[in-house]
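Enquirer: Each chain is listed here by its residues.
Number of protein chains: 4
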Amino acid sequence: MLLLQQYKKIRAHSEEICRPLEIEDYVVQPIVDVSPPKWHLGHTTWFFETFILIPNFKGYKEYNSQYNFVFNSYYETVGARVVRTDRGNLSRPSVADIYSYRSYVDQQMQAFLQNSILEDELISLLELGLNHEQQHQELLFSDIKFILGHNPLFPAYSDKVVFEKKNTPNNGFIAMSEGLYEIGFKGNGFSFDNESARHKKYLETYEIAASLVTNAEFLHFIEDGGYTDFRHWHSEGWEWVNQHNAKAPLYWHFVDEKWMYYTLNGLKEIDSMESVCHINFYEASAYAVWKGMRLPTEEEWEAASHLFEWGERWEWTGSAYLPYPGYKKEPGAIGEYNGKFMVNQMVLRGASVATPKEHSRKTYRNFFHPRLQWQFTGIRLVK
Amino acid sequence: MLLLQQYKKIRAHSEEICRPLEIEDYVVQPIVDVSPPKWHLGHTTWFFETFILIPNFKGYKEYNSQYNFVFNSYYETVGARVVRTDRGNLSRPSVADIYSYRSYVDQQMQAFLQNSILEDELISLLELGLNHEQQHQELLFSDIKFILGHNPLFPAYSDKVVFEKKNTPNNGFIAMSEGLYEIGFKGNGFSFDNESARHKKYLETYEIAASLVTNAEFLHFIEDGGYTDFRHWHSEGWEWVNQHNAKAPLYWHFVDEKWMYYTLNGLKEIDSMESVCHINFYEASAYAVWKGMRLPTEEEWEAASHLFEWGERWEWTGSAYLPYPGYKKEPGAIGEYNGKFMVNQMVLRGASVATPKEHSRKTYRNFFHPRLQWQFTGIRLVK
Amino acid sequence: MLLLQQYKKIRAHSEEICRPLEIEDYVVQPIVDVSPPKWHLGHTTWFFETFILIPNFKGYKEYNSQYNFVFNSYYETVGARVVRTDRGNLSRPSVADIYSYRSYVDQQMQAFLQNSILEDELISLLELGLNHEQQHQELLFSDIKFILGHNPLFPAYSDKVVFEKKNTPNNGFIAMSEGLYEIGFKGNGFSFDNESARHKKYLETYEIAASLVTNAEFLHFIEDGGYTDFRHWHSEGWEWVNQHNAKAPLYWHFVDEKWMYYTLNGLKEIDSMESVCHINFYEASAYAVWKGMRLPTEEEWEAASHLFEWGERWEWTGSAYLPYPGYKKEPGAIGEYNGKFMVNQMVLRGASVATPKEHSRKTYRNFFHPRLQWQFTGIRLVK
Amino acid sequence: MLLLQQYKKIRAHSEEICRPLEIEDYVVQPIVDVSPPKWHLGHTTWFFETFILIPNFKGYKEYNSQYNFVFNSYYETVGARVVRTDRGNLSRPSVADIYSYRSYVDQQMQAFLQNSILEDELISLLELGLNHEQQHQELLFSDIKFILGHNPLFPAYSDKVVFEKKNTPNNGFIAMSEGLYEIGFKGNGFSFDNESARHKKYLETYEIAASLVTNAEFLHFIEDGGYTDFRHWHSEGWEWVNQHNAKAPLYWHFVDEKWMYYTLNGLKEIDSMESVCHINFYEASAYAVWKGMRLPTEEEWEAASHLFEWGERWEWTGSAYLPYPGYKKEPGAIGEYNGKFMVNQMVLRGASVATPKEHSRKTYRNFFHPRLQWQFTGIRLVK
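Taken in sequence, the protein lines are chains F, A, G and W.
The numbering used here applies: residue 2 is where the first sequence begins, and numbers increase by one.
The numbering used here applies: residue 2 is where the second sequence begins, and numbers increase by one.
The numbering used here applies: residue 2 is where the third sequence begins, and numbers increase by one.
The numbering used here applies: residue 2 is where the fourth sequence begins, and numbers increase by one.
Be a bit skeptical, because a hint or two may be false.
Pairs count within a copy or across copies, as identical chains cannot be separated in the list.
[As the list claims (entries may be wrong)] Under the rule of at most 30 Å between Cα atoms (straight-line distance), these lysine-lysine pairs were calculated in the DSBU-like manner:
1) Lys384 <-> Lys330
2) Lys363 <-> Lys161
3) Lys187 <-> Lys329
4) Lys187 <-> Lys384
Because the hints were derived from the structure by calculation, they are not lab data.
So here's chain F without its partners, still in its complex pose:
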């Protein structure tokens, strides 16, 4: 019954995140990477219906057979689906319909969990579904921020969720000695397949920053012409700067001679002691080059992670998202979860202010395309 309680708690949290929204906010998709909140609510529900209830709960009656088409994200195994760019073009199912869908699936899940003895494999699947929902909870925050933060009226999401916090940055570096380190997940709890297999990695000596780069530090980079000097940037990054006329992190606006940024509480003056946020890999890397340093590899990050505080920002690493030695893709639809994205993305480590509690561990491998800024991302340096 622990699983059922956990199920209820996690499912409820998704709805709590959406509570401050107007109906209209649930619907739009301003860029392809940002999904409508109502799609997140439906898609996470579809996951439980498709992978748990339909194949395992005898007599289960599908809520609406067309929802598979609407809420399948990228599972080729599970058939045709709405093209991703069209998610914001669908006014139906309505928000109310989707809450009914959630409620129906939740009741059925409760009935299923109360009346079944689950095999290990099914427990794993259920855990995957819950972790999947938690990933979408973080996406809900970043997508809602994008939707409201790109509206010319800059509406606040809520004054109760405050993600900005003052730090007392420690400018020190932690020295790590060379040697063979064990990398990857070990233990009994849940982990994604991409965190396996645990393996050895030889690291040379390095020093890793105890704190994240702050807004004040990043402002030095801007004021020193960081966005106008190609020498700091990857070739692709420099193209990105010029195409987007980039001059500062996402959500920063220079208003009346002051740098402001959009937060979930509305437009505010930038807090210089806060960790810089919403920068992409190109920006993180350019900053590091400008500083004469570099980003950590994911193994350097993991090996040192018990020595610093993390969890405020997803930290860009210098590692491409590739299979670990010994990685095995799962068969079937679940196998589409991670492996097929292992090209042209960079790994981020840690977690962020938007990550659900209990959904982080030091072996977690997050990954995004280097151009993306809309997650709660930051920079930790290595020298």
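The hints should help you fit chains A, G and W onto chain F, whose structure is shown.
Expert: Frame of chain F, contents of chains A, G and W only:
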């Protein structure tokens, strides 16, 4: 006070059209040509606020100074605006906010109209605003149909608005004699600037169909390979066919060996006696070529229009949208209404089932790009 | 034998035009509208081979069966073809191969013409082929100018072909009286199908400029902010201005505080008395609006054309390219020549410095998309 | 004088490669990745002029000051340049001009080398220039093959250069033991900066194929539906397959029930024993997944490279192109050579039939975007 009553009636009608909608339906913009219904409601209101109240009603307090940016459609004179493709990315102002905006502006307009003696020029402007709102009422119908008709769930809009009607097509043609005809608006009522100046046009003899082309007739074209034989098509039209893999009018679906179409009442079997609808200029022209006939010019249409029934479909003509001899563009923002679109569009004549009552006359010049299908368009032949 | 002589003369002229070129100049296609010179030489030859020799000359042996794929421009009737954007990607057939192809086809044509009695229909086809080659001679000039004029080295084509000439502009206007005019081709010589049928057009009184707009006059428009004031422009034209950051006619460069332009003789200072050249319809129309005048319709132009000198510039008219009353498309491939382009293009009248001698008449209807500038186009005003 | 001899030999080889070309073949750029051969000849020359002669040879007179604009590839440090997509739009400088440019620079280089005592840094730069020219020699082969192999006439390049060879594939695998391996360049000869610093890498046990995958083996993949089963592919790769309707390696054509391919000697039947060629990373990876194996990492490849024959194909590895531990970017323009491309590319190891003699070593890190097929690439499996 007649004007005030008319104002109230027309303004109320826009809201009636939207009554069957879910909040979510107000928000989306599936293609650039289709605007979110809430945008139409706001934009028509902005027109009265911007062109009537602000410059003329002393002491008028703008509702929200940022709405100009949100609701300006294409008036360069009136400043910067949300790019057209972004209309569907704005969740705010909310639908409720927009109804408040309408209500505020309507109250102010009432106060203004009750307490002012309007100069002729202002009366003209008010009439323009009302005709403008009526144009958007028709757009509301075509945009709502597109939004719901492109949703994989095919939701019905309402069962009270039925646009499909059975006709008794008359296959006859009306013979017109050659000679000089007077073309363009004459009279005291309202007309758009593009209907002027009235001028002479020499026409050769022609015969114009008494009825519109029906679904049954258009089906013959389809079944005879009309969409697969380049000889019927303009070069641009043939490109359009191939790019879109076009096989039938918009909203037609071949389901279980039968042609169905989406209507505002849901998906139905096609009524063969109904006038074909939702075809673009390329399709109208290809059909005419296949028949060995042609589309009327706008002058041929106007000269004969008292001899047949019209008003069910916007009828594509073979005339490009160009200024009449003697046409004068108005100065200022109002002058941006028509003249600046006089290139690369074709004229449509008549009116449609979706046109508001009292918003049609035989000199009315509607115009759209030849590729567009989403209006209630049809075909009348000439030989 | 007159036809044979004419054939030889016209065919030779295409090769004369290309004589000053380097082999490399024959190959490139900097924009989709500009074809490689070697393609023009091959395509005009293919026309005679495909439409005259293959179907009519018994025992004729095709030069190379794959050339149809390479040199077909847009004739759907004649099968698959290289996509237009790929013409500049083909290094083969080589220039030498194409000259051999020309020489082979010319010999065969000579044998055919000397030994056959041609039916009227075939004579018409041959005349069409010759007029077609003359059209490509003008395209050769405009395409060569584009190829060399967009090279950063600005190489001259030749110093023997001088297209720029000083005029003595006459600022007068010619008054035309209202009435019915006969428009369209009449006579025994060659004309394109789009010049028929001859028909009546009622014109109101108008005054048409005796001279073309000069560089000096157009410079006033530029200096008066013509390219920065949306009020002069069509909506589409204003988009074009902003997308291309247009500031002056094609080939104009502001160098060291002076306006220069690329000519076939190299980069030169602009001659202020010369007629402005290389402007598109949007620019022509914006200029006219700025002047408080307008462009003539094609019928106004034709009705007055015996009263002014023309032939220096293709003159943009305010008429869309549409079929004349009574226009009939030819059957078969030849019918693809004109009719299928009758949408979204504007008519130009007259001829230009680049037009071959004897390839102009007052009923000639040239047509291009309103955005195109690379032809030798100019402006005549009407008030 | 050894350097001078080497200089002459390498420079001469570039011209030998181009000898079989027609002038026209030097000019075209069918896709952005394929540069016109004349551009390669100019660009490699520009390298010596810009980085050696201009800054170091007193009194050196630049050949043509505009050539920097034309022949700079991507060096931001050295100023503005022709956009890459425009290389194929430039007919000038002519091929003859570029050979003159080469000859002029070669004479000057000879004079410089004969009369100067070079500092170590300059010797390094010269070596870099020569290795750079050798890289472009391989590009010349792949670009020429693309230019001729995409021409509908399939012209042969020459019958003297035969790249296809029969192998006696050895189906064995070589077992490697786990442990720490030294990776990266060591020695006195030339190497690129990206091969440094030499560092330790821990490898688990693996078995690496003694031979490359053959055409026959790849054909099994095709015939088993390899290109139609999404499960073998990365998400990005599957998108690539669908967008390009990919069905076989580049240059393969299914003609009259047989698989043919374009070779530099023309179109031929596929040799089943030859190593498969011209596949991209997505295809290489999908093949490996289908086989139940994987691609080697670059370190696995390097550690085992003395145990198998290599040099026939550039072998895709499963490693992203990233800086080695301890990698240092050079300052100035030379530093733009490698480091700025270290994102979103995959490493290839080995060399190919098109690689110049003496331009390969086991630590060489080639890199391309995963979608590119036009290099002489192949597959070696690991299990």
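Enquirer: All hints are to be evaluated individually against the structure, with a verdict given for each.
Expert: Right, here's what the structure says about each hint:
1. Lys384 <-> Lys330: between (35 Å within a copy, 15 Å between copies)
2. Lys363 <-> Lys161: Answer is within; shortest intra-copy Cα gap is 28 Å, inter-copy 59 Å.
3. Lys187 <-> Lys329: For Lys187 and Lys329, only the intra-copy Cα distance (16 Å) is at most 30 Å; the inter-copy one is 34 Å.
4. Lys187 <-> Lys384: both (28 Å within a copy, 24 Å between copies)
No hint from the list above goes unmet by this structure.
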